[in-house]
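Put chain B on the given structure of chain A with help from the hints.
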Amino acid sequence: MTGYLVRRAAQAVVVVLGVTAVTFGLQQLIPGSLARAILGPRASPAEIAAFNQANGLGRPPVEQYLAFLGRLARGDLGYSYRLNQSVDSLVLHQLPNDVVVVGTALVLALAIAIPLGIAQAVRRNRAVDHAATAATFALYSMPSYWLAILLIAGLSITAHALPAEAPQAATIGGLLADPVALILPVLTLTLVNVALFSRYMRSAAISTLAEDYIRVARAKGMPARRVLTRHVVRNSLISVTTLIGLSLPVILTSGLVIEYVFNVPGIGLTYYTAAVNADYPVELGIAVLVGLVTVAGNLLADLAYVILDPRIRYE
Amino acid sequence: MSDTRQRSASRFQAVPEPAGPRLAGARVPPGRASDSVLRAFARHRAGLVGAGLIAALALFCFLGPLLYHTDQVHANIQLTNLPPGPGRPLGTDANGYDILGRMMVAGQITLEIGLAVAILATAIGVAWGAVSGYAGGLADAIMMRVVDIGLAIPAIFLLIYLASVLRPTVPLLIAVLTLLSWFGAARLIRGETLTLRTREFIEAVRAMGGRGPRLVLRHLLPNTAGTIAVSATFQVADAIILLATLSFLGFGLPPPAATWGGMLAQGITYLLDGYWWEVYPAGFAIMLTVIAFNLIGDALASSLDARLRA
Numbered sequence: 004m005t006g007y008l009v010r011r012a013a014q015a016v017v018v019v020l021g022v023t024a025v026t027f028g029l030q031q032l033i034p035g036s037l038a039r040a041i042l043g044p045r046a047s048p049a050e051i052a053a054f055n056q057a058n059g060l061g062r063p064p065v066e067q068y069l070a071f072l073g074r075l076a077r078g079d080l081g082y083s084y085r086l087n088q089s090v091d092s093l094v095l096h097q098l099p100n101d102v103v104v105v106g107t108a109l110v111l112a113l114a115i116a117i118p119l120g121i122a123q124a125v126r127r128n129r130a131v132d133h134a135a136t137a138a139t140f141a142l143y144s145m146p147s148y149w150l151a152i153l154l155i156a157g158l159s160i161t162a163h164a165l166p167a168e169a170p171q172a173a174t175i176g177g178l179l180a181d182p183v184a185l186i187l188p189v190l191t192l193t194l195v196n197v198a199l200f201s202r203y204m205r206s207a208a209i210s211t212l213a214e215d216y217i218r219v220a221r222a223k224g225m226p227a228r229r230v231l232t233r234h235v236v237r238n239s240l241i242s243v244t245t246l247i248g249l250s251l252p253v254i255l256t257s258g259l260v261i262e263y264v265f266n267v268p269g270i271g272l273t274y275y276t277a278a279v280n281a282d283y284p285v286e287l288g289i290a291v292l293v294g295l296v297t298v299a300g301n302l303l304a305d306l307a308y309v310i311l312d313p314r315i316r317y318e
Numbered sequence: 006m007s008d009t010r011q012r013s014a015s016r017f018q019a020v021p022e023p024a025g026p027r028l029a030g031a032r033v034p035p036g037r038a039s040d041s042v043l044r045a046f047a048r049h050r051a052g053l054v055g056a057g058l059i060a061a062l063a064l065f066c067f068l069g070p071l072l073y074h075t076d077q078v079h080a081n082i083q084l085t086n087l088p089p090g091p092g093r094p095l096g097t098d099a100n101g102y103d104i105l106g107r108m109m110v111a112g113q114i115t116l117e118i119g120l121a122v123a124i125l126a127t128a129i130g131v132a133w134g135a136v137s138g139y140a141g142g143l144a145d146a147i148m149m150r151v152v153d154i155g156l157a158i159p160a161i162f163l164l165i166y167l168a169s170v171l172r173p174t175v176p177l178l179i180a181v182l183t184l185l186s187w188f189g190a191a192r193l194i195r196g197e198t199l200t201l202r203t204r205e206f207i208e209a210v211r212a213m214g215g216r217g218p219r220l221v222l223r224h225l226l227p228n229t230a231g232t233i234a235v236s237a238t239f240q241v242a243d244a245i246i247l248l249a250t251l252s253f254l255g256f257g258l259p260p261p262a263a264t265w266g267g268m269l270a271q272g273i274t275y276l277l278d279g280y281w282w283e284v285y286p287a288g289f290a291i292m293l294t295v296i297a298f299n300l301i302g303d304a305l306a307s308s309l310d311a312r313l314r315a
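Sequence lines, in order, name chains A and B.
Residues 4 to 318 (my numbering) make up the first sequence, in order.
Residues 6 to 315 (my numbering) make up the second sequence, in order.
In isolation and in its complexed conformation, chain A is listed as follows (with noise of 0.2 Å):
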């Protein structure tokens, strides 16, 4: 297991590296140059001498990708001149609040989820399997910018019963004095990962279901209701696990696109800020990062997929 422990975490290193190329290849991609999109036009050809000289954009490529390296390794994801702000004070500033509004989201999602793909599993082509399945196959074919509107719509404009935006503030305490305009962008971003979660877990758990061991817990007598909580929950959460992990950038992206709607002050809507504002260094500071969450994500779940089920042996 160590040998394969040992081979999964290089080739993450691989992969992170890959992801670091890449965004170091976009930032090639900048109009006219770096110092250009950022000092202005205005700018002489001698502030621009000084700045590529400052931040080393004169030497090789190799050389500056392996300073941009050796920037991220140190933390540094880089400089929004517009804002006159880090980066790293950006994300650090606003990660709270994504943990708090994406976070409850994912927490919520599975407690629905698990037992709602559970109970289809049970009830397999029943009148309840088959309402719950076109229910979430909807959901899952709505884009979650839709479903957001179709919330605002029938619960916000039509009912009057909540706030169609998320609170404007600016830290974690004032989003969370204002739990009701949380709700909305919540619920949504539940529903999303419900629809996402609920038909894996559905077959995961048919799959369970038809297990040998499963025949023997009945066999020996044990409750229905046990048998359920003890083996196939149990045995379904192991591949939830890994949905988690490989779900992470569909979670981010709904992310991106429910702060959009609801203007929730978080990373997606700054990285959506920033593109409209062609702030690049803060667009490719946060797709570095959300990369190597990603890549952490994946990790993460295949370990955890190890340590979880004994069952499975690499050598």
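Hints in this document: simulated from the structure, not taken from any laboratory.
These figures come from a predicted structure and were not determined experimentally.
Among the hints, a few may not be true.
[Stated by the list, open to error] Derived, one-sided and incomplete: chain B residues facing chain A with beta-carbon distance under 10 Å:
#, residue
1, L62
2, F65
3, L156
4, I158
5, P173
6, T174
7, V175
8, P176
9, L177
10, L254
11, G255
12, L269
13, G279
14, V295
[Stated by the list, open to error] Computed list of chain B residues with no C-beta within reach of chain A, every gap over 12 Å:
#, residue
15, A61
16, V170
17, L171
18, E208
19, A242
[Said to hold, decoys possible] Covered, in the sense of this in silico footprint (three residues per stretch, anywhere, with C-beta under 8 Å from a C-beta of chain B), are these stretches of chain A:
#, stretch
20, 30 to 42
21, 70 to 82
22, 106 to 120
23, 130 to 143
24, 253 to 260
25, 303 to 310
We put the CB at the ideal spot given by N, CA and C, even for glycine.
For chain B alone, coordinates are given in the frame of chain A:
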């Protein structure tokens, strides 16, 4: 999609195995395996509904403008935000464009880009995956790390960045969406290739001296045809969602190009004013199109499953 239906579908099956050992170069009776998949598919009501929806949509988008003429290029401020009425069944938007007509034009772009991206991305993914799985060893390891890197940064982040650097056009969007969409297919086909590689019929081909491109093209890939079809169908749905999301966020094709995502983005500004005709047509169009392709993909997958399991 009950079990009984799947079992009865397999009754029509002509060939029991995806492909048995056969002589290199011997022709399979044309289309028999795919025939049985098509028959199984035809028994899936959901799949047929999906196919019907796509057919209706294609007629609406490509035939519609020939019967229902509208100007989708010149804005007309005397016609802004008009509710549905005689001569304009779905009203007009903030630029005075007729919404029904705009739905058709936007649908054309959506279907064209969605299909083009799905075909190109599947082709690249299949080639990459098959070569990687067939080659094995170091080449496989390197090629799969490229796929991992491609899957690491979510496509929408890269698309937004690229849209802020480059000016989107239809060919450029197709190229970029393709470049960001083939990784999943590559991983899938590589997995299939790995399992097929150990099968007897491939060993038999090898024993007879069949190798390289010929073995991959004539023996490995035909046996992944079903997986390829399923993956390509879901790919269309994914590409359409990605494209609509990009337009919704305002990084899609610049005006006067019509896109459903763009119409939706403009419409929600007026949601509070009650201009429902500017929001719902575009939103439901995106949703129904994606549902249709997902239904077809699901039905194809389970027909294929039924064929393989029998």
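Do the hints match the structure? See the list:
1. L62: This interface hint is violated because 14 Å lies over the 10 Å limit.
2. F65: Because about 19 Å separates F65 of chain B from the closest Cβ in chain A, which is outside the 10 Å limit, the hint is violated.
3. L156: Interface hint status for L156 of chain B: holds (7 Å vs cutoff 10 Å).
4. I158: Nearest chain A Cβ about 4 Å off; hint holds.
5. P173: violated (13 Å)
6. T174: violated (16 Å)
7. V175: Violated. Min distance 20 Å.
8. P176: violated (17 Å)
9. L177: violated (13 Å)
10. L254: holds (6 Å)
11. G255: holds (8 Å)
12. L269: holds (7 Å)
13. G279: holds (8 Å)
14. V295: holds (4 Å)
15. A61: holds (17 Å)
16. V170: Not fine: 5 Å to the nearest Cβ puts V170 of chain B too close to chain A.
17. L171: Violated, because the least Cβ-Cβ distance between L171 of chain B and chain A comes to about 7 Å, which does not exceed 12 Å.
18. E208: Non-interface label stands for E208 of chain B: nearest chain A Cβ at 23 Å, farther than 12 Å.
19. A242: At roughly 7 Å from the nearest Cβ of chain A, A242 of chain B sits no farther out than 12 Å, so the non-interface label is violated.
20. 30 to 42: Three-residue rule met by the stretch 30 to 42 of chain A, so holds; n is 3.
21. 70 to 82: Answer violated; 0 residues pass the 8 Å Cβ test.
22. 106 to 120: That given contact is violated, which follows from only 0 residues of the stretch 106 to 120 of chain A lying within Cβ reach (below 8 Å) of chain B.
23. 130 to 143: holds (count 3)
24. 253 to 260: Per the Cβ count (5), the hint holds.
25. 303 to 310: This one is violated; 0 residues, fewer than the three required, reach chain B with a Cβ under 8 Å.
Of the numbered hints stated above, those contradicted by the structure are hints 1, 2, 5, 6, 7, 8, 9, 16, 17, 19, 21, 22 and 25, listed in ascending order.
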